[in-house]
Amino acid sequence: MNLYDLYLISPQLAVACAGILVILLDLVFQRKGFLPYAAFAGLMVAAALLVVQSIDLADANDLVTDGNVRATGVLAGSLSVDRFSLFFNFLVLAALGLVTLSSVDYVKRMENFRGEYFGLMLFSATGMMLLASATELITVYISLELVTLPLAALSAFLMTSRSSEAGMKFLIVGAISSAVMLYGMALIYGFTGATKLDEIAEVVKSAAVLDTPFGGYALLVGVVLMLVGFGFKISTVPFQMWVPDIYEGAPTPVVAFLSVASKAAAVAVLIRVLFTGFFPIALDWASLIAVMAAASMTIGNLAAIGQSNIRRMFGYSTIAHAGYILVGIAAAVKTSGGNSGGPEFVSIGLNSVLFYLAAYVAANLTAFFAIIAISQRTGSDLIEGYGGLVRRAPFLAVALTLALVALIGVPPTSIFIGKLVIFTAAVKSGLVWLAILGVINSVLSAYYYVRIIRVMFLEDPKEREGSKTSPVAWFALAVSGIAMIGIGIAPGFILRAAEIAVGALAL
Amino acid sequence: METGFTGLLTAAVFLPAAGAVSILLLVRGDRNIRVVAAMVALADLVLTLVVFTTFSRDDGAQRFQFIDYFTWIPGETLRANYILGVDGLSAPLVALTGILGLCAVLASWNIKTRVREHFVWLLILQTAVMGVFSSLDLLLFFLFWELELVPMYMLIAIWGTGRKEYSAMKFLMFTILGSAFMLVAIVAVFLTPEVGTFDMRALSTSGTMLGAGVLLPLSALFWLFFIGFGIKLPVWPLHTWLPDAHTNAPTAASVMLAGVLLKMGGYGLLRINVGMFPGQAHQFAWALVTLGVISVLYGAIVTLRQTDLKRLIAYSSVSHMGLVLVGIGAIGITQGTLTSAGLNGAAMQLFTHGTITGLMFLGAGLVYDKAHTRYIPDLGGLAGRMPLVAAGLLIAGFASLGLPGLSGFVSEVLVFLGAFRAYPLMTALAVLGIVLSAGYILWMMERAFFGVRRERFADITDASLIEALPMAILVITIVGVGIYPAILTDVFEYGLRPIIALIPVAGP
Chain R
1 MNLYDLYLIS
11 PQLAVACAGI
21 LVILLDLVFQ
31 RKGFLPYAAF
41 AGLMVAAALL
51 VVQSIDLADA
61 NDLVTDGNVR
71 ATGVLAGSLS
81 VDRFSLFFNF
91 LVLAALGLVT
101 LSSVDYVKRM
111 ENFRGEYFGL
121 MLFSATGMML
131 LASATELITV
141 YISLELVTLP
151 LAALSAFLMT
161 SRSSEAGMKF
171 LIVGAISSAV
181 MLYGMALIYG
191 FTGATKLDEI
201 AEVVKSAAVL
211 DTPFGGYALL
221 VGVVLMLVGF
231 GFKISTVPFQ
241 MWVPDIYEGA
251 PTPVVAFLSV
261 ASKAAAVAVL
271 IRVLFTGFFP
281 IALDWASLIA
291 VMAAASMTIG
301 NLAAIGQSNI
311 RRMFGYSTIA
321 HAGYILVGIA
331 AAVKTSGGNS
341 GGPEFVSIGL
351 NSVLFYLAAY
361 VAANLTAFFA
371 IIAISQRTGS
381 DLIEGYGGLV
391 RRAPFLAVAL
401 TLALVALIGV
411 PPTSIFIGKL
421 VIFTAAVKSG
431 LVWLAILGVI
441 NSVLSAYYYV
451 RIIRVMFLED
461 PKEREGSKTS
471 PVAWFALAVS
481 GIAMIGIGIA
491 PGFILRAAEI
501 AVGALAL
Chain G
1 METGFTGLLT
11 AAVFLPAAGA
21 VSILLLVRGD
31 RNIRVVAAMV
41 ALADLVLTLV
51 VFTTFSRDDG
61 AQRFQFIDYF
71 TWIPGETLRA
81 NYILGVDGLS
91 APLVALTGIL
101 GLCAVLASWN
111 IKTRVREHFV
121 WLLILQTAVM
131 GVFSSLDLLL
141 FFLFWELELV
151 PMYMLIAIWG
161 TGRKEYSAMK
171 FLMFTILGSA
181 FMLVAIVAVF
191 LTPEVGTFDM
201 RALSTSGTML
211 GAGVLLPLSA
221 LFWLFFIGFG
231 IKLPVWPLHT
241 WLPDAHTNAP
251 TAASVMLAGV
261 LLKMGGYGLL
271 RINVGMFPGQ
281 AHQFAWALVT
291 LGVISVLYGA
301 IVTLRQTDLK
311 RLIAYSSVSH
321 MGLVLVGIGA
331 IGITQGTLTS
341 AGLNGAAMQL
351 FTHGTITGLM
361 FLGAGLVYDK
371 AHTRYIPDLG
381 GLAGRMPLVA
391 AGLLIAGFAS
401 LGLPGLSGFV
411 SEVLVFLGAF
421 RAYPLMTALA
431 VLGIVLSAGY
441 ILWMMERAFF
451 GVRRERFADI
461 TDASLIEALP
471 MAILVITIVG
481 VGIYPAILTD
491 VFEYGLRPII
501 ALIPVAGP
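Sequence order for the protein chains is R and G. Here our numbering is used: the first residue of the first sequence is 1, the next is one more, and so on. Here our numbering is used: the first residue of the second sequence is 1, the next is one more, and so on.
Keep in mind the hints are simulated off the structure, nothing from the lab. Since this is a predicted model, take the numbers as computed values, not measurements. Treat the hints with care, since some could be wrong.
With beta-carbon atoms standing in for the labels, derived distance ranges [to be verified]:
id: 1; chain 1: R; residue 1: Glu384; chain 2: G; residue 2: Thr461; range: 41 to 47 angstroms
id: 2; chain 1: R; residue 1: Ala48; chain 2: G; residue 2: Ser22; range: 54 to 60 angstroms
id: 3; chain 1: R; residue 1: Asp284; chain 2: G; residue 2: Ser22; range: 29 to 35 angstroms
id: 4; chain 1: R; residue 1: Asp284; chain 2: G; residue 2: Ala501; range: 50 to 56 angstroms
id: 5; chain 1: R; residue 1: Lys468; chain 2: G; residue 2: Trp109; range: 45 to 51 angstroms
id: 6; chain 1: G; residue 1: Pro74; chain 2: R; residue 2: Ala58; range: 51 to 57 angstroms
id: 7; chain 1: G; residue 1: Phe70; chain 2: R; residue 2: Met159; range: 50 to 56 angstroms
id: 8; chain 1: G; residue 1: Phe5; chain 2: R; residue 2: Val52; range: 49 to 55 angstroms
id: 9; chain 1: R; residue 1: Ala58; chain 2: G; residue 2: Leu25; range: 54 to 60 angstroms
id: 10; chain 1: G; residue 1: Gly7; chain 2: R; residue 2: Glu459; range: 55 to 61 angstroms
id: 11; chain 1: G; residue 1: Phe5; chain 2: R; residue 2: Met159; range: 37 to 43 angstroms
A virtual CB, placed ideally from N, CA and C, is assigned to each residue, including glycine.
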């Protein structure tokens, strides 16, 4: 390991160091108010390093393997620093930065462990950033655990029975799914003799593995078992059981972070593993993803309709959105028309997924920041407590309304363009049925999102004034809200970034 | 394709939204809010009238004028542009939006609750509708189409009467469902290899869509668009949201809903279903006429049974918007030459019905404000107490049943002239609908405004100046168009000529 290797993982190291530093500072200082800002500063350092890396990438596709000297580095094969990973690293950093700021009010209700709260968030983010770069199965596994374990602890942070239940559930379900995933990885290693994705791809392409007895099945079973682990993180059906409980019980900023960043990172690794490692057998797994997408959208939306707790409702809503994302992934594989009947790669499928994730990050964070601020005032997360909010807190009500309208997919918001590109990709790949199902689901989802708008605007206010929202939390809300509308009105920049990021996968 | 930037339409579209933002943030006091909203609406009306009057009808002029163009979404995934512009079809509808926008603001003068919000939503709504009529990019068109949802939902659900929340939700779900179908069709059009654009100017010129190899059959696209626009129009059997929404909406929302929102459906049918799928429109003209005639007759018969003043007007809208479909059906002609009469009548009907129904809802709103009931059997003898309102409703009623000299006559005659040459029997049935409309209009007037004077309406007052003003504006428009219809028909003719040229009529 030399300095250059350290440079390659410096953003991740910066985030991890910030995590340790915040915990230490918490021990040393009596006044804790500055901790979130310390965490934020650490993220800024990481962002600066990412900018340096992206400038460095100007004439290379991948900082790890490009150039003859560098290829011998210890990270070669296990990590990739390319525009694809940078896209997701920026996304995770942006999400965590905003969540940190919006936590400033929230952590005041915690007596102790404020340092640990931010520290664990940072550790989890480290895992997510590694996950976006991982190109080797063991690295994938370790990164995934690094994402999950801090989040399990964070889920239990409120020390209430619901919160503890959430943490426990997250830990157990997470452990089971990663065990299953590990078994899948073992199968793949057994039949291909490789853990690095590019080597696996060579074996899969050469069809040597298909000649061994049960080779083709074993490979597919391995992929499916890995999908269990990823599906758990992305929160798609049928691995969605944990979602509503954790969304209801865990601290709201943690849920906000979990819902966007962890989903984005898991999608990143899913794309990288499936598309760079197993594309030759894409015909087998693409239809599976399409079915998961259809089930996620439909079950998520149907279950969300009856919810009375807003966070639980968002739990189901996030399952539905995971479904939309999978539609894009399924759309990246065109089953017919390729050379010699093989799968054909449709880049706008993945473009649309990356764009949708950015759009979803902006919209969902806006919604959650508004929910955090509202629950500070009303002391409750029940939808009925939102009555007449527009007269008590007009700006919060408008922000939440815009976010909900965005989540339905109504223009001019980010997710409208996101859904548009995803369904466009689906139609282009011949998945017309999936596109139509997605559109019907969007209509269905309007019903429960609008219900909250209705309560805020039409019902009478309930007088219960809690603490005010601090300027920092307002700032986080404003940034995410402006991003949400901005991406909807001028999507060109993010769309271009997504195209470049997908181009880096070199498919 | 022209790519300049004139700025006039952009100003007309976004001025109300800018007004809404400034009302939200800057203006204090209910009185000031009203005044600012009225000033904004008036300024916007002036802008739209400038567009309408300076729109060049010369033979050599561009089809689409006042183009505002810049690249909106670059890249390979979606290629969309910000294109605003009007042709002869949309220029009068833009003017109509300006007129009714001002009327709606004036009709909201007496709103007492949540004044600021009311005007904010109303002005955003105006931006949305104006945007629909002037967008020339399908994605932008869809964006404005959806932008209208939330303001209208709020207007009905907050300031409405009766089962307002139910009606608002029903309106919302129907519209979202319709636009979902439309979105699928828009995406499919974009993905057609030979098309690859959202530019409606390119899509409306011959050869782009005709016979292109699409992902979905062209007739499927035609019907997907039709469902989206048909819900909005509304066409039987997709109309059920309309009576509820109209009945329970506040006056201003009713005026906008009946006056311009329904017209978005008719405009979409003419611009997209006929303009971009001329072959399919010709092929399915019989279906359009049939649906139109059913709407006309069903609407008229149901209207006869209504006892609620606003519900009556709402169902009459179903009947009269059916005429739009009958007029469009004129392109189903199989022999002889296709004249512009049918389509021109359909377009005229959009404009005239907008003004007439707007006026009717203004009158009905005033009756409800003052008499506190819309139940027709409870009313009676109001003409003596409120002569201005009665006169306004009477003029609207006469125009609606097609009295010569008023605007409704022109559009109805044109529709029947055009459709008769293609479907004589169907047209005869549709004329029956007009006879029925004479029945329900006169019966309603007789029961509500004439007949016995009721004691409890003794101290009822007539419309005040500010209440009469929007009615006066609409009366002037109705009479003006009735006396000199060429002011509109010429422009529509100019806009429809390129569309008609695309329709593949067999024969000489």
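Q | 50 to 56 angstroms as the expected CB spacing between Ala501/G and Asp284/R, which holds or is violated | A | 52 angstroms Cβ-Cβ, so the 50 to 56 angstroms window holds.
Q: With 55 to 61 angstroms as the target window, see if Gly7/G and Glu459/R comply at their CB atoms.
A: Taking Cβ atoms as reference, Gly7/G and Glu459/R lie about 43 angstroms apart, which means the hint is violated.
(Q) For the hint 45 to 51 angstroms, verify it against the beta carbon of Lys468/R and that of Trp109/G. (A) Once the Cβ atoms are compared, 36 angstroms apart, the range 45 to 51 angstroms for Trp109/G and Lys468/R is violated.
Q. Is the hinted range of 51 to 57 angstroms satisfied by the C-beta distance from Pro74/G to Ala58/R?
A. violated (21 angstroms)
Q | Consistency of beta-carbon spacing, Ser22/G to Asp284/R, with hint 29 to 35 angstroms | A | Violated, since Asp284/R and Ser22/G (Cβ atoms, about 58 angstroms apart) do not stay within the stated range.
(Q) Does the beta carbon distance between Glu384/R and Thr461/G stay inside 41 to 47 angstroms, or does it fall outside? (A) Because 42 angstroms falls inside the window, the suggested range holds.
Q) Between Phe5/G and Met159/R, is the Cβ distance one that fits in 37 to 43 angstroms? A) Once the Cβ atoms are compared, 60 angstroms apart, the range 37 to 43 angstroms for Met159/R and Phe5/G is violated.
Q | C-beta pair Phe5/G, Val52/R: status relative to the range 49 to 55 angstroms that was hinted | A | violated (39 angstroms)
Q | Cβ distance range 54 to 60 angstroms for Ala48/R and Ser22/G, holds or violated | A | violated (39 angstroms)
Q: Hint says 50 to 56 angstroms; check whether the CB-CB distance for Phe70/G and Met159/R agrees.
A: Given range 50 to 56 angstroms: holds, Cβ gap about 55 angstroms.
Q.
Just to be sure I understand the hint, the distance between the Cβ atoms of Ala58/R and Leu25/G should be within 54 to 60 angstroms; is that true here?
A. Because 43 angstroms falls outside the window, the suggested range is violated.
Violated hints for the displayed structure, listed by number in ascending order: 2, 3, 5, 6, 8, 9, 10, 11.
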